[in-house]
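Visitor: The lines below spell out each chain.
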Amino acid sequence: MNLVRMLNLVVVAALVLAAAYVYKIKFESTLQAERVAKLRNEIRHERDKIAALRAEWSQLDNPSRIQGIAERHLSLKSVEATQFDTLDHLPERPPDRVSPDASDPIAAMIESLRNDMPTGTVRGKTP
Amino acid sequence: MSPAQPWHRRMVQSLLYGYHVDREKKAKARLGLAITVFALIYATIAVRLVILAVAPDSHAARRMGPQDAVATARPDILDRNGDVLATDIKASSLFAEPQRARVIDVDEAVELLTAVLPDLDSNELRDRLGSKRRFAWLKREITPEQQVEIHRLGLPGIGFLTENRRVYPDGPEASHVVGYVNVDNQGSAGIEKWLDESGLADLHRAGFASDRQQKPVQLSIDLRVQHAVRNELIAARDKFKADGAAAVVLDVHTGEVVSLVSVPDYDPSNPRGALDFSRINRLTKGVYEMGSTFKALTMAMALDSGKVKISSSFDARAPLHYGRFTIHDFHAQNRVLTVPEIFTYSSNIGAARMALAIGVPEHRAFLKKLGQLDRLHTELPEGHDPIVPAQWGELNTVTISFGHGLSVAPLQAVMGVAALVNGGILIPPTFLKRSPQEAQGLGTRVIKPETSAMMRYLMRLNAEKGSAKQADVPGYYVGGKTGTAEKVINGHYVKTRLLTDFMAVLPADDPRYLILVMLDEPQGLPENNGSAVSAYNAGPTTAKIIARIAPLLGITPRFELPPADRLILASAKETR
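Just so you know, the protein sequences line up as chains C and W, in that order.
Here the first sequence is numbered in this note's numbering, starting from 1 and rising by one per residue.
Here the second sequence is numbered in this note's numbering, starting from 1 and rising by one per residue.
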């Protein structure tokens, strides 16, 4: 009989705990659902704002507006076909002073300049 | 308790014994019943919980506030580089519920509202507020500042609804392509109307299109090219005092329309006057006799048939008499002309004789194959059937060979000429972005590749020696053909009212783009002795447009190219 009473007590305690737990979960889920709704709303607002900004951006970016501003403020002329050139007309790149695997390119450049200088310079320490 | 009773009766009885059974048994039975009932209840709850947890949140997604009821969203329209041509922004609209507003003083409300919204008509407002309707719009699309001010007035029976408002940040730049919407956000013209026709309207009716979650529509239009072309066209229209001007830039390999301009146009944000006849899209809705540019089609037909060679010649010594008609040449040479000469001198007589040599049914069949005799269907709902002679006799073939007597939509002619220069594939033009692979599936071969090479040669030769000299831009190897047609007024051709057009291939040795420039009734300028033929207006305008758009289209200028007979003709003969 004692065992049955114990069992009953345990079951009652479990029931209370379960009820409390369910309440907590329910409360949290309501909270989460509200957050979701709020975030959805925020996302919609943000999207609307992005759309408005994009519309404004393309209004400002509109070529006829840019052309108007450029004509008013810049003394640039339209590009001529003669101003274009192909890459193979580009002269050869001058030989590198610095080897590409040098760890400190500036130091290597100074070194190579020093090597070009007449002998007799003092190498080494900085004061 | 006999065993003949059914099992459920026995079960209930075993659970609920009468007074005569002992208490312990009775208690046990009742407890059993309670356990069963509770177990059932908890099982139901458990199952329901699982269902709720597993099923998606469908109710919340479909739930829409009342203010979304009219907010029909449309997909954004972008140009080929992703620049916005049309987009939705949210805007508030002001409405009244006059039945409820009757309690307040209508005159006071009118006074207060017109103070905030000066463009409201006070009489109309008074009528609307005084009516017995449940709902009346007062003003659509007000600014946020106005909304705050009206809200502060605290008028009862007046409220705001959030609506999607369509905005066109580029104004009239691409108006004839993009089209416009009415105040209820339904497409009325252009791509906007096409969007509705291709399923968006059904979405709206079903109530699914209220949020901006729709895939944007990417057009083939390049906004930068579109602007440059429009800018030059407006300048040309002013310079030559033309009624209208139009131009189209077509990618000859994909059929994409990179730019389509027809001025005068309209502002899609304020499309009043868009339906005015002078503002129609001249390239798809208008049909015109295209003049000498049609000679390109005649030449291609003759060369493709094999009956005429590039070295053949035709008699153009005297005007061609046909019934009571006499066909003259504009630049009469009065001698026997070879095929390239017919093209460069734009000889009507030569073209007519060439078409007659091929035959009337063949001529008709060729134009049919090139899509010149049927209505051109593109995404744009604005279109017009070509005007084809009902009885097609020899005289019709004679006149149509040089572009008179058959009226087509200019975009249609562009499609045909593009097929002549791109290697011989007819590709239906489109306003949506299209990949070369897609275009390959859509194209049909209409002429041989060798004929196409000959056509490119003729076009380039014309820019080196013939009437298209004015349109040649050094460095871009332009080829082209002029066209001048007299307009028909009351059934007669009028010499002073011309339609001039110019077809240019860019570049002629390996075409990538075809450009058509068209001027409607240009006036002659004194420096051209008052002449208003194509070579003096449409030609130079094309040159200006090419000089501006070629860098945008990524065409490298080349200056050391040999003339057409060495570059195009020689290589065409080699490959044969």
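The hints are simulated quantities; they were obtained by calculation from the structure and are not laboratory data.
Quantities reported herein were computed from a predicted structural model and do not represent experimental measurements.
Glycine included, every Cβ here is placed at the ideal spot set by N, Cα and C.
One should not assume that every hint holds.
With a cut-off of at most 25 Å between alpha-carbon atoms, the simulated SDA-like pairs for lysine to any residue come out as follows [to be verified]:
id: 1; chain 1: W; residue 1: Lys-90; chain 2: C; residue 2: Gln-59
id: 2; chain 1: C; residue 1: Lys-49; chain 2: W; residue 2: Thr-162
id: 3; chain 1: C; residue 1: Lys-24; chain 2: W; residue 2: Lys-544
id: 4; chain 1: W; residue 1: Lys-544; chain 2: C; residue 2: Ala-19
id: 5; chain 1: C; residue 1: Lys-49; chain 2: W; residue 2: Pro-144
id: 6; chain 1: W; residue 1: Lys-90; chain 2: C; residue 2: Asn-8
id: 7; chain 1: C; residue 1: Lys-38; chain 2: W; residue 2: Leu-161
id: 8; chain 1: W; residue 1: Lys-90; chain 2: W; residue 2: Phe-38
id: 9; chain 1: W; residue 1: Lys-369; chain 2: W; residue 2: Pro-386
id: 10; chain 1: W; residue 1: Lys-25; chain 2: W; residue 2: Phe-38
id: 11; chain 1: W; residue 1: Lys-495; chain 2: W; residue 2: Asn-334
id: 12; chain 1: C; residue 1: Lys-26; chain 2: W; residue 2: Tyr-42
id: 13; chain 1: W; residue 1: Lys-90; chain 2: W; residue 2: Ser-198
A short list of chain W residues far from chain C (calculated; beta carbon distances all over 10 Å) [stated by the list, open to error]:
id: 14; residue: Ala-39
id: 15; residue: Asp-88
id: 16; residue: Glu-108
id: 17; residue: Pro-169
id: 18; residue: Leu-223
id: 19; residue: Ile-358
id: 20; residue: Asp-385
id: 21; residue: Val-473
Visitor: Give me the numbers of the hints this structure contradicts, sorted from smallest to largest.
Guide: When the structure is compared with the hints, numbers 3, 4, 6, 8, 15, 17, 18, 21 turn out to be violated.
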